[in-house]
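**Q** Build the full structure now, drawing on both the sequences and the hints.
Position one of the sequence shown corresponds to residue 73 (our numbering), numbered consecutively onward.
Please note that a few of the clues may not be correct.
Stated by the list, open to error - Subject to a maximum C-alpha distance of 25 Å in a straight line, what follows is the list of computed DSS-like cross-link-like pairs (lysine-lysine):
#: 1; residue 1: 159; residue 2: 128
#: 2; residue 1: 512; residue 2: 469
#: 3; residue 1: 512; residue 2: 441
#: 4; residue 1: 295; residue 2: 419
#: 5; residue 1: 469; residue 2: 482
#: 6; residue 1: 419; residue 2: 317
#: 7; residue 1: 482; residue 2: 418
#: 8; residue 1: 419; residue 2: 275
#: 9; residue 1: 470; residue 2: 484
#: 10; residue 1: 104; residue 2: 128
#: 11; residue 1: 484; residue 2: 469
#: 12; residue 1: 395; residue 2: 363
#: 13; residue 1: 295; residue 2: 418
#: 14; residue 1: 275; residue 2: 295
#: 15; residue 1: 470; residue 2: 441
#: 16; residue 1: 275; residue 2: 254
#: 17; residue 1: 441; residue 2: 395
#: 18; residue 1: 104; residue 2: 178
#: 19; residue 1: 317; residue 2: 295
#: 20; residue 1: 484; residue 2: 418
#: 21; residue 1: 317; residue 2: 275
#: 22; residue 1: 295; residue 2: 484
#: 23; residue 1: 363; residue 2: 419
#: 24; residue 1: 512; residue 2: 418
#: 25; residue 1: 441; residue 2: 469
Said to hold, decoys possible - Label-pair distances were calculated between CB atoms; the ranges are:
#: 26; residue 1: 213; residue 2: 121; range: 44 to 52 Å
#: 27; residue 1: 439; residue 2: 273; range: 41 to 49 Å
#: 28; residue 1: 499; residue 2: 164; range: 30 to 38 Å
#: 29; residue 1: 496; residue 2: 104; range: 43 to 51 Å
#: 30; residue 1: 108; residue 2: 390; range: 29 to 37 Å
#: 31; residue 1: 111; residue 2: 452; range: 51 to 59 Å
#: 32; residue 1: 318; residue 2: 265; range: 43 to 51 Å
#: 33; residue 1: 133; residue 2: 82; range: 26 to 34 Å
#: 34; residue 1: 198; residue 2: 111; range: 18 to 26 Å
#: 35; residue 1: 392; residue 2: 470; range: 49 to 57 Å
#: 36; residue 1: 198; residue 2: 254; range: 20 to 28 Å
#: 37; residue 1: 216; residue 2: 486; range: 43 to 51 Å
#: 38; residue 1: 126; residue 2: 216; range: 52 to 60 Å
#: 39; residue 1: 390; residue 2: 216; range: 49 to 57 Å
Keep in mind the hints are simulated off the structure, nothing from the lab. As the structure is a computational prediction, the values presented were derived from the model and not from experiment. Don't be surprised by glycine CBs; every beta carbon is placed ideally from N, CA and C.
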Amino acid sequence: MVNLVYRGILLLSHNRWPRERVIQQSEARFRKMVTYAYSNSPFYREYYQSHGITEKDLSYVTPGDIPPIDKERVRSNFYGIAPDPPKPNEVEQALQEKGLLSRAGKYFLVHSSGSTGEPTNFIYSESAITTVEANFIRLSLGGENAITLNDFPIRTLYVASVGSGYASTALALKGLGEYRSKSLILNIQEPMQNWAERIRSFKPNYLAGYPSCVRIIAHLQEKGSISIHPKKVITGGEPLTSEDKVYLRSVFGADVIDYYACSESLLLGVGTQWYEGIYLFDDMNYVEVDKHGRLIITPLYNHAFPLIRYRLNDVVLGFTRDKTGPLPYTHIDRIVGRSEEMMWFKKPDGRWDFLHPLFLDDLNVPGIKQYQFVQTGDASFILRAVPRPGAPSEVLKKEAQAQVYSYLTKKKLEQIRFGIELVDRLEPDRITGKVKLVEKLDTARPANGG
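**A** Here you go:
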């Protein structure tokens, strides 16, 4: 706890640095991480040598001279990237466990969404997780609702997709524990009708989760089903619109914080209601954009699994290294291409419940590499799936059908009609270049999120 607070205060002090010092530190740590990866990771040594980059070149090559990597390359070279990788049986055991927090030997194992391909595994050291957790101090200080000693132990209501290996779960459970926080975790796979009763007996001063899920909590508050007064609302996993910020602030009177993270780096940046856009923390990641506006990151804190110039699919607008606003970090206006719609379905008794598209993360059918929902009505949807060459169609459809029905049963939505379609490819969105998790035809939805 003492080490955590010390790191947090140190990171907070960076808010007062001049922009030039922030850039210098980030560039120096980037070069140090590149050298570390070359010296300790078999993958990077071979990869860079194949591009004509030798050890003596590392002291003067520019970031743009270094070839980027992506999710497919990481998936194919998992054990070669890690300087001291976990044993294959430790990874396999972690993937098979149904607990909320996955451990692979001495590491934490998290995975990316499988919606745009096969899930990809990433590992984090204890030290890396602690560094991410330490940032909650600079996240919590600011705004109009100060956190005081009277607020401890912090009580956090956390609403999101909860399952083994999720990056958000790894942070929520371990981080909340480190801060001696008490937590109530609502799984989006649980029936929504059970939420209000559980929340009423819990008085959180933090509310966290996907914006789409936090909005549902706000609707419950507006209807009088619950009465909570969090000081901080922290959202992540989906874009938070300016309208969302205003709405959540009006309902809860809380400071609203937009937490930008991914499986590849558990903290990229933060947006809040007291400044415009999102700041990317240069002391956590060296950040760039390519010609298409896609973010390229090099996490500077996780030596267990170095990712050098990793290209995300997130497209960002307004990326600038110039000093912008009150903080000395790289600034973006917003992220495009992350927004996903929940699918709302009408139950036989007239009530509504939802399926969050991120429950696709848990679909794991060997032989299927990509998924997409198509909602066709208020009680029906189609699951489109792209099979691998040579995979047996009927076997794939049967297994996918069984897994989807299992999730519908958990949500008490067994009456929903669905079909499985095997297709050659899924069409990407024209603007973002990403395949949407959810396509909607002319469907109904509740006026107020349930």
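**Q** Indicate, hint by hint, whether the structure satisfies it.
**A** Hint by hint, here is what the structure shows:
1. Using a Cα cut-off of 25 Å, the hinted pair residue 159 and residue 128 is violated, with the two alpha carbons roughly 32 Å apart.
2. For the hint pairing residue 512 with residue 469, the CA-to-CA distance comes to about 22 Å; that is within 25 Å, so the pair holds.
3. Using a Cα cut-off of 25 Å, the hinted pair residue 512 and residue 441 holds, with the two alpha carbons roughly 22 Å apart.
4. The straight-line distance between the Cα atoms of residue 295 and residue 419 is roughly 20 Å, inside the 25 Å bound, and the hint therefore holds.
5. Using a Cα cut-off of 25 Å, the hinted pair residue 469 and residue 482 holds, with the two alpha carbons roughly 20 Å apart.
6. For a cut-off of 25 Å, the pair hint linking residue 419 to residue 317 is broken: about 30 Å separates their Cα positions.
7. In summary, the hint linking residue 482 to residue 418 is supported, as the alpha carbons are separated by about 16 Å, within the 25 Å threshold.
8. Restraint check for residue 419 and residue 275: the C-alpha separation of about 30 Å exceeds 25 Å, so the hint is violated.
9. For the given pair, residue 470 sits about 21 Å from residue 484 by alpha-carbon distance, which is consistent with the 25 Å threshold.
10. Among the hinted pairs, residue 104 with residue 128 is consistent with the structure: their alpha-carbon atoms are about 13 Å apart, no more than 25 Å.
11. Simply put, residue 484 and residue 469 have alpha-carbon atoms about 22 Å apart, close enough for the 25 Å limit, and the pair holds.
12. With a C-alpha separation of about 21 Å, the suggested pair residue 395 and residue 363 falls inside the 25 Å cut-off, and the hint holds.
13. For a cut-off of 25 Å, the pair hint linking residue 295 to residue 418 stands: about 19 Å separates their Cα positions.
14. Annotation: proposed proximity of residue 275 to residue 295 holds, straight-line Cα distance about 17 Å (limit 25 Å).
15. Annotation: proposed proximity of residue 470 to residue 441 holds, straight-line Cα distance about 16 Å (limit 25 Å).
16. Between residue 275 and residue 254 the alpha-carbon distance is near 10 Å, which keeps this suggested pair within the 25 Å criterion.
17. The hinted pair formed by residue 441 and residue 395 fails the criterion: a straight-line CA distance of about 42 Å is larger than 25 Å.
18. For the given pair, residue 104 sits about 24 Å from residue 178 by alpha-carbon distance, which is consistent with the 25 Å threshold.
19. Between residue 317 and residue 295 the CA atoms are separated by roughly 19 Å; this keeps the pair inside 25 Å, and the hint holds.
20. Between residue 484 and residue 418 the CA atoms are separated by roughly 12 Å; this keeps the pair inside 25 Å, and the hint holds.
21. In summary, the hint linking residue 317 to residue 275 is supported, as the alpha carbons are separated by about 21 Å, within the 25 Å threshold.
22. Distance check on the hinted pair: residue 295 and residue 484 sit about 23 Å apart at the alpha-carbon level, within 25 Å; holds.
23. Distance check on the hinted pair: residue 363 and residue 419 sit about 46 Å apart at the alpha-carbon level, beyond 25 Å; violated.
24. Under the criterion of a C-alpha separation no larger than 25 Å, the hint pairing residue 512 with residue 418 is consistent with the structure, at around 15 Å.
25. With a CA separation close to 13 Å, the supplied pair residue 441 and residue 469 stays within the 25 Å bound.
26. Here the CB-CB span from residue 213 to residue 121 is close to 46 Å, well matched to the stated 44 to 52 Å.
27. Separation of residue 439 from residue 273 is about 44 Å and conforms to the stated range, judged on CB atoms against 41 to 49 Å.
28. Checked against the hint of 30 to 38 Å, the C-beta distance between residue 499 and residue 164 comes to roughly 34 Å, which is consistent with it.
29. For the hinted restraint 43 to 51 Å between residue 496 and residue 104, the CB-CB distance of approximately 45 Å keeps it satisfied.
30. Our hint of 29 to 37 Å for residue 108 and residue 390 holds, since their Cβ atoms are close to 32 Å apart.
31. For residue 111 and residue 452, the Cβ-Cβ distance of about 55 Å falls inside the hinted range of 51 to 59 Å, so the restraint holds.
32. Between residue 318 and residue 265 the CB atoms are about 28 Å apart, so this pair departs from the stated range of 43 to 51 Å.
33. Between residue 133 and residue 82 the beta carbons are some 30 Å apart, a value that agrees with the proposed interval 26 to 34 Å.
34. At roughly 22 Å, the beta-carbon separation of residue 198 and residue 111 lies within the given 18 to 26 Å, and the hint holds.
35. A hinted range of 49 to 57 Å holds for the C-beta pair residue 392 and residue 470, which are about 51 Å apart.
36. In this structure the hint that residue 198 and residue 254 lie 20 to 28 Å apart at CB holds, the actual value being about 22 Å.
37. A beta carbon spacing of about 45 Å between residue 216 and residue 486 agrees with the range 43 to 51 Å that was offered as a hint.
38. The given range of 52 to 60 Å is respected by residue 126 and residue 216, whose C-beta atoms sit roughly 54 Å from each other.
39. Distance hint for residue 390 and residue 216: a CB-CB separation of about 26 Å, inconsistent with the stated range 49 to 57 Å.
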